[in-house]
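Enquirer: One-letter residues, chain by chain:
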Amino acid sequence: MSRIHDVGGMEGFGPVDPADDGLPFHPDWEARVYALNVALLRQGAYRLDEFRDAIERLPPSVYLDSSYYERWFAAIEQLLGRKGVLDTGDG
Amino acid sequence: MTDHADAGIAQRVRALETALEGRGIVDGAELDEILDRLLTGATPRNGARLIARAWVDAAFRDRALADAHGALSELGLSMDHGPQPQLLRVVENTSAVHNVVVCTLCSCYPLSLLGPSPSWYKSAAYRARVVRWPREVLAEFGLRLGDDVEIRVWDASAETRYLVLPRRPEGTPRCTEDELAALVTRAGMIGTAAV
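Going line by line, the protein sequences match chains U and D. Mapping the first sequence onto the numbering used here, position 41 (from 1) lands on 41, and the numbers just tick up by one. Mapping the second sequence onto the numbering used here, position 126 (from 1) lands on 1126, and the numbers just tick up by one.
Just chain U, with the same shape it has in the complex:
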């Protein structure tokens, strides 16, 4: 079964908005989310495939309503929660 991220060829989207302000990140938090993800991948908190899967598992309504880096943040929160990274104790 395809998930919502698999949009190639899907109908119903309007024209592409080709505007580009050239900024890599918009609000500052987007940059922090980017950097957190690289740091967490680097030290093995989760793997890149797991990160991608976490984004792709988002419910379609959340996926479509979220901005790009909102999806990233939701995926990071889910992965850290699932793996107990922020649980108390060393467990």
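Be aware that one or more of the hints could be misleading.
Stretch-level coverage of chain U by chain D, calculated; a stretch enters the list once three of its residues show a Cβ under 8 Å from a Cβ in chain D [said to hold, decoys possible]:
1) 24-36
2) 44-54
3) 73-87
Note that these hints are calculated values from the structure, not bench results. Every residue gets a Cβ at the ideal spot worked out from N, C-alpha and C, and that includes glycine.
With chain U held as given, fit chain D onto it using these hints.
Expert: Same frame as chain U, now just chain D:
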């Protein structure tokens, strides 16, 4: 998104960063270094150097098409900005073929050669439509191709990224390699514009 919602997520991101720093899982200086490296090292000027060299040196062009990584290393460039190794393939525009790159599933992109991707590259509209209606989507970018030009759409993946080698602009036979590199645009290397 409203300003209010944005303030909410900004606080949540800050709280998560603080919690991770408090446990020694990440540190703020490392995050700053990651962003600094991205913003200063990953730019379209890198990709433009490869394109300009390919325009002035036919043997280099052939090597870039056959083995993009070898060609990059000749220029002191690499694909190592991402969190895992990535393959690169260079695809060449001709009078008969125009190439354009998308990542239908997400946003895969040769970050180290093009810098952070434009918003539209990550938009659902581009991802959904360019694979099915490429001629129409390119027209939305202002690029109108003749019906005799074949359009090839390359769907990037986590493992393989693509870079378009645009056609060298006419009227540039006397330009130096550096002057040519200055003409190369990010959109040209994605394939949504000619150079």
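Enquirer: If a hint holds in the structure, say so; if it doesn't, say that too.
Expert: To see whether the hints hold, each was checked on the structure:
For the region 24-36 of chain U, the assignment as covered by chain D holds, since 11 residues bring a beta-carbon within under 8 Å of that chain's beta-carbons and 3 suffice. Note: the region 44-54 of chain U has 4 residues with beta-carbon separation from chain D under 8 Å; the three-residue rule is met and the coverage holds. Counting residues of the region 73-87 of chain U whose C-beta sits closer than 8 Å to any C-beta of chain D gives 6, which meets the bar of three, so the coverage hint holds.
The structure agrees with every numbered hint stated previously.
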